[in-house]
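Visitor: As a plain string of letters, each chain reads:
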Amino acid sequence: MDAVISGLSAGFAVALQPFNLSLVLIGCFAGTLIGALPGIGPINGVAILLPIAYGLGLPPESALILLAGIYYGAEYGGRISSILLNVPGDAGAVMTTLDGNPLAKRGEAGRALSLSAVASFFGGTFAVVLMSLSGPALASYAVTFSPSDYVALMVFAFASLASLVGSNSVKTLLAAVMGLMLASIGIDANTGVARYTFGIPDILAGIDFLVVVIGLFGMAELLHLVEQQVTGKLKPLALDKSFVSMKDLAFTKWTILRGSVIGFFIGILPGTGASVASAVAYGTEKRVAPNSENFGKGDLRGLAAPESANNAAAGGAMVPMLTLGIPGSGTTAILLGALLLFNVTPGPLMFEQRPEIAWGLIASMYIGNVALLVINLPLVGLFARLLTIPQQYLTPLIAVLAFIGVYSVVSNPHDLYMITLLGVFGWILRKLDFSLAPVILGFVLGGLFEDNLRRALSISGGDWSILVNSGNAIMLYVLAAVVVVVPIWLGRRKKKVVEA
Amino acid sequence: MADRVFAGAILVIALLYTYIAFTVIKAPFQYDPLGPESWPKLLGIVASLCAIYLIARPDVERLKADLGTLGRLALVVVMLLAYGRLFEPLGFLVSTWVFCTAFGIMLGAAPLKAFAFGAVTGTVGYFACTRLLELNLPAGLLNHIL
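If you read the sequences in order, they're chains A and B. Heads up, the first sequence is in this note's numbering, so the first residue is 1 and it goes up one at a time. Heads up, the second sequence is in this note's numbering, so the first residue is 1001 and it goes up one at a time.
Be careful, since some hints might not be right.
[Claimed, not checked] Far from chain A, some chain B residues (derived; all Cβ distances over 12 Å):
id: 1; residue: Leu1081
id: 2; residue: Thr1121
id: 3; residue: Leu1141
id: 4; residue: Leu1142
id: 5; residue: His1144
id: 6; residue: Leu1146
[As the list claims (entries may be wrong)] Covered by chain A, according to a simulated footprint, are these stretches of chain B (three or more residues, beta-carbon under 8 Å):
id: 7; region: 1044-1052
id: 8; region: 1092-1101
id: 9; region: 1125-1136
Quick caveat, the hints were computed from the structure, so don't treat them as lab data. Beta carbons: idealized from backbone N, C-alpha and C, even for Gly.
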């Protein structure tokens, strides 16, 4: 507990420096703007702005504070386009449309937006509090992990990814493996042997993380937006004067709490972020709530549950990233990649070696959540007006931002072609129902996975049994089996119930 | 069908990847029990198996995009490649101006408005990024003026 208090006070000392404080506010504001734009969610927003933040030459803790602000700002902002436009910015906001949009259609958009802002605030704050309490303990436990334990942790991460993300687990697995394969390109750090470089000097050091992120998320999103614009289905509903009442909050308080708990714990699971959390929270709420027949027609609980869950998951996903170096979601995978760009290795030692980053970030999230609530309640009309920005101006701006980002960091015109081609690849993947987040998770974790596997086998002199030699590892393999088997079992049972 | 074509392409890449792992990649000394080739071998085999499964049991029939949409997307890709090609020679300001005007018109903006939008994006973007944020952007054609 002492460690938590001293860590937090050190963190607030970092986050309250005027410069960092203004970055928190800028990040939250920019994040809400981006989240509110139709079709752009946290992951695309962070991907598009990451190179620019990197190019600014900020110290790592400041850059991370800014990016994290954009991340959960966009989680807040996502509800605006979901509710008023029925267009979720990303998978995590899909559930918000189910009851949020019917409320807005009924002329209660203001009530829906303010209630979801409060639910988001509660979910986000709940997650940060649990993060500060559990982070240091988890980190000091993870310090004892051996390379073979890390291998088990990765297996668990990929198992939960394949089992919980996307509609087809083979596709999710293949997406993750494609990410791992991309990461294997370049010089092998252990032996100096070049792998899959085909004599091209540009990729000897590996494919640039920024290029992959911008291509797969920024440019693929751009193509997706053009496609949607062509089919023309965007018409925002008007914002009215209705507002959330104390009665509404009293009515949804247990929903919000349940959503936050579910969101946080699902967020912690490696690889599964806001999308799974909000879906599970919505489903649970529908099952446990009394008289749930209004779900999907504008029930306040159906709005509060996914909104508290996806913000709690955004915080929860930070926990494994900061303490284990394993991102809890696609967006935190990008944040992890950002830390690596700054030569900071996230993981159990970060709380001891770079406390200004770990604790500064956590403290900034407390401030950010309050700031977001304050920004979002009175200014929601301003953000709602963004929805009326014509797509023909918005879409080119995404391309311009992506080009600025890649060029200002890498300064290699070939990378401008690379991001376009990767964008086409990402668009095809999306069209074929692949999720893109596993690709980036695989890409970020590839080096770590291989290094730990090789280190473990070096320790044992090539004996594979070292992988199952510790209690930690066995527990993680059991957990991996559980996350794979339980959803299948639940699915079978549901089918039986339906048939019977 | 779309799934099968894609999975087939991935399978070819994965097999090639695996083949290279088994034949080309070799360390001059045995540094560690696995060496640089075992991990790619493993990945290649898993990827190939996944691709074979998808060929056997595809779940997306068609790309669900008509020819008109695909044509427009192809046009966007061409514009992006051209933007990338002209980015350095013309400089950020001019290339962005041209690109935003063209893209805006393609997406249905009135030509004059798109032209003005391009001008504002190029000019404001250039000065905001280079002067305010101190990012590196090419000056290109306007090298002497800017």
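Visitor: Now tell me, hint by hint, if it's right for this structure.
Guide: Verification of the supplied hints:
no. : hint      : result
1   : Leu1081   : violated, 6 Å
2   : Thr1121   : violated, 6 Å
3   : Leu1141   : holds, 15 Å
4   : Leu1142   : holds, 16 Å
5   : His1144   : holds, 21 Å
6   : Leu1146   : holds, 16 Å
7   : 1044-1052 : holds (count 5)
8   : 1092-1101 : holds (count 4)
9   : 1125-1136 : holds (count 6)
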